[in-house]
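Colleague: All chains, full assembly: derive it from the sequences and hints.
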Amino acid sequence: MLGQNENGVKKRMESRVMLNKVMMVLFFLATTVGLIFLGLLFYRVLTQGIGYLSWDYIRSFPAPYPDKAGIWAGLIGSIMLMAIVAVFSVIIGVSTAIYLEKYASKNKFTDFIRINIQNLAGVPSIVFGLLGLTFFVYMFQFGYTLMAGGLTMALLVLPVIVVAAQEALRSVPSEIEQASYGMGASKWQTIARVTLPAAIPGILTGTIIALSRAIGETAPLIIVGAATAIYTLPDSVLAKYTVMPIQIYNWTGRPQEEWQYVAGAGIIVLLAILLLMNSIAVLIRNKFSRRL
Amino acid sequence: MSNVTKVQKEKNEGTAVPKVNKKETKKAENSVINVNDLNLWYGSNQALYEISMDIPEERVTAIIGPSGCGKSTFLKTLNRMVEMVPIVKTSGSINYRGNDIFSNKYKKEYLRTKVGMVFQKPNPFPKSVYDNVAYGPRVHGIKKKEVLDQIVEKSLKDAAIWDEVKDRLHENAYGLSGGQQQRVCIARALAVEPDVILMDEPTSALDPISTAKVEELVQELKEKYSIVIVTHNMQQAARISDKTAFFLSGELIEFAETDDLFQNPQDKRTEDYITGRFG
Amino acid sequence: MDNSLRSEGNQLNVQQMIEERKQKKSIGERIEKIVPWFLLLCASVSVLTTVGILFTLLRESIGFFSNVSIFEFYTGTSWSPWSGHYGVAPLIGGTLLITVIATIVAVPLGLMSAIFLSEYASDKVRRTIKPVLEVLAGIPTVVYGYFALTFITPMFQAIIPDLGIFNALSAGFVVGIMIIPMVASLSEDAMNSVPNALREGALGLGATKLEVVFKVVLPAAFSGIVASVVLAISRAIGETMIVTIAAGATPNLTMDATQSVQTMTAFIVQAATGDTTFGSTIYYSLYAVGMTLFVFTLVMNLIAQYISRKFKEDY
Chain A
1 MLGQNENGVK
11 KRMESRVMLN
21 KVMMVLFFLA
31 TTVGLIFLGL
41 LFYRVLTQGI
51 GYLSWDYIRS
61 FPAPYPDKAG
71 IWAGLIGSIM
81 LMAIVAVFSV
91 IIGVSTAIYL
101 EKYASKNKFT
111 DFIRINIQNL
121 AGVPSIVFGL
131 LGLTFFVYMF
141 QFGYTLMAGG
151 LTMALLVLPV
161 IVVAAQEALR
171 SVPSEIEQAS
181 YGMGASKWQT
191 IARVTLPAAI
201 PGILTGTIIA
211 LSRAIGETAP
221 LIIVGAATAI
231 YTLPDSVLAK
241 YTVMPIQIYN
251 WTGRPQEEWQ
261 YVAGAGIIVL
271 LAILLLMNSI
281 AVLIRNKFSR
291 RL
Chain B
1 MSNVTKVQKE
11 KNEGTAVPKV
21 NKKETKKAEN
31 SVINVNDLNL
41 WYGSNQALYE
51 ISMDIPEERV
61 TAIIGPSGCG
71 KSTFLKTLNR
81 MVEMVPIVKT
91 SGSINYRGND
101 IFSNKYKKEY
111 LRTKVGMVFQ
121 KPNPFPKSVY
131 DNVAYGPRVH
141 GIKKKEVLDQ
151 IVEKSLKDAA
161 IWDEVKDRLH
171 ENAYGLSGGQ
181 QQRVCIARAL
191 AVEPDVILMD
201 EPTSALDPIS
211 TAKVEELVQE
221 LKEKYSIVIV
231 THNMQQAARI
241 SDKTAFFLSG
251 ELIEFAETDD
261 LFQNPQDKRT
271 EDYITGRFG
Chain C
1 MDNSLRSEGN
11 QLNVQQMIEE
21 RKQKKSIGER
31 IEKIVPWFLL
41 LCASVSVLTT
51 VGILFTLLRE
61 SIGFFSNVSI
71 FEFYTGTSWS
81 PWSGHYGVAP
91 LIGGTLLITV
101 IATIVAVPLG
111 LMSAIFLSEY
121 ASDKVRRTIK
131 PVLEVLAGIP
141 TVVYGYFALT
151 FITPMFQAII
161 PDLGIFNALS
171 AGFVVGIMII
181 PMVASLSEDA
191 MNSVPNALRE
201 GALGLGATKL
211 EVVFKVVLPA
221 AFSGIVASVV
231 LAISRAIGET
241 MIVTIAAGAT
251 PNLTMDATQS
261 VQTMTAFIVQ
271 AATGDTTFGS
281 TIYYSLYAVG
291 MTLFVFTLVM
301 NLIAQYISRK
311 FKEDY
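Protein chains in written order, with this note's numbering: chain A, 1 to 292; chain B, 1 to 279; chain C, 1 to 315.
It is possible that some hints are incorrect.
With beta-carbon atoms standing in for the labels, derived distance ranges [stated by the list, open to error]:
hint: 1; chain 1: A; residue 1: K102; chain 2: C; residue 2: I159; range: 57 to 63 Å
hint: 2; chain 1: B; residue 1: Y106; chain 2: C; residue 2: R30; range: 15 to 21 Å
hint: 3; chain 1: A; residue 1: L35; chain 2: B; residue 2: G68; range: 51 to 57 Å
hint: 4; chain 1: C; residue 1: D189; chain 2: B; residue 2: R277; range: 50 to 56 Å
No wet-lab data here; the hints were simulated from the structure.
Virtual Cβ for every residue (Gly too), placed ideally from N, Cα, C.
Modeller: Structure (structure tokens):
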């Protein structure tokens, strides 16, 4: 068969090779589409926002006039909110991970917890907002405060922290735990003094990534009532508050074009903080991955 | 109490596998651990069959045998480390100085302060040398800095590594060489002043010179401690141990004075093994 | 040597010290007993969260359905709660329209990116491009919303002149861009786990890389790819800020992408930011819509899990 029409085979071969090359270029171009839009997004935000970005902008409260408005209330609100989220989500998340990795026997119940965590990660964030509204705002009567927002967000990022902490705990070599048990240390002593310290870099990295997700979240906080106009900084966890994404959302929705620039400046601040958080996470990972 | 540090150190420079002088200890043989009819199962697989032997006090007992013969399992049973695998079941008894170690009243944490362990691969904690050695005492509630300082220094001296690490006590132990790490691990085990030290192929991950240092150390340590050492290396057993047990397929085939076992084995299987006919 | 003498003099006896401290150890033993219970308590928070979500959605939805018939809710075609019309179809329609547009954007681009990264790109190129692509997934959605409204919509308006400021097309398009990394990353993982021996077998027979991709890699990684697409769709269904900002607030049962639509999520935001009084029918409608949304995403997630569990058995 081949011998009969060698020319035909060769021709077909050439066209097959050609098609392969064309498709490869196409696949490459498809890959760049995402990157191009990422670049466009950054470019757009920078060119729109940079003009309004100044020290005054950072230190100013919301105002009715675009050139007077600033991000200060949102910036401080976001930081305070993240502090609450970090405290609750790390304590509960790391404890959950320790329980699942070190204490739970592999049975139906732990399988159930595992699948449950997996499913929670897929629940839309706005549904967590509804949860927070029922429980934290109304049932526990925290109202539209930092505490209600913080607890809601802590539950939202909990799956991320649990999974990261589980991975970090699993990556601790069992040899050093054995060494601890061999010295007569008890289980909790071993976990607290050997396993956890060795897992801290991984847990820290996971926590920062979870928080960087939380700091950009808007929808659940709208539901649990983060305010849009705040003229004093929250003085307690039961004070009203706003956060950067809420401010940005509010400004974006206003009809006058100037507000878009104000929003753009806010986005620059938000993205800068995200960049900072992610760089810290990468630094921690690089510094400690060399060691173990 | 401690003349360990006074023992002269033979420098064995150059020779790959130096000979260590075995000091004959002519003590009346007291046993520190008595094992009676020990059976052990991993799930439904039986790994140890009817083991009975007495571990002598302040001597070095070597356990040899081909891989998979249960020698490591047996060693880890002596301080109940084998129970880290949840499916393990045992029958029979082990007594440590008259205490049944499987009894509910005898806590395994307490047993392990008496029966310490050194592992196959050096496994220091990712902490400073000081914190590594102080770990055991701290876990057991000793917090005073002056006391810990003394314990750390004494343990490192006893493990013959003080001179090498005294200027870097607060550096991470991972920065040391493999051989140094292993001796820090020995110092860590010594810090709680155990009675018995179990060593699970402690030199298998080390180079010949480090191996020689550890072997020498074992000789010094038996002045004060009873040592049980698992080794895959028959020459090592012959060099450093006073008594040797030969395990095969989960059974104790022969247990005798080292010289007798190697020169005049009573069992055909022992003879086959030490002459290299299998394993 | 001095030191060993000194310790002799001080009677440094560690075992004795341990013995003494063993008396105090009852505190330690109590900690040892309490800790697992504390950890279990923390682990149950995640279960309580799920229970809480189900509880709140169900209870408030039941409250809603005592005012509005469940039949009207699911069959009515008009959604204007402020004038008492509670037919959820326009919201579901809006959600589906956005999701379809996003899927049309994200699935081809995501899959082609995955093929390029897994089959054509060198290791170095992959290790550079993949993290950058994943940055897309880390951008806050409010930023995407801003981008859709202030950049993508004007851009589309240049092509489609009668496109409104709020429209499903821009919103869906940007949601699609956002979920590209999800499709690309998970599909690439699936393609990477196809054993190299399969590829080499086909290459050895003279197949081109492209033929290997379509005849070997894609079929072998099929379930992993489907799972990634399903997860990405689920993410698009639950997306809130982009559609709230860029698709508008017009409950509109239409398949015309140039029009403004309202999704389920966007309605929840709208109702929560308005002066909705606690206990009113509109307040309860938040939960009925939330419940519907939750069921949609839950079903998608379960399908994805089912597929990827089957996928694991393949190898």
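Colleague: Give a verdict on every hint.
Modeller: Cross-check of the supplied hints:
Checked against the given bound of 57 to 63 Å, the beta carbons of A:K102 and C:I159, roughly 58 Å apart, stay inside it. The hinted window of 15 to 21 Å between B:Y106 and C:R30 holds, with their beta carbons roughly 20 Å apart. With their beta carbons about 54 Å apart, A:L35 and B:G68 fall inside the hinted range of 51 to 57 Å. Range check, C:D189 to B:R277: about 51 Å between beta-carbon atoms, so the 50 to 56 Å window is met.
When the structure is compared with the earlier hints, no violation turns up for any of them.
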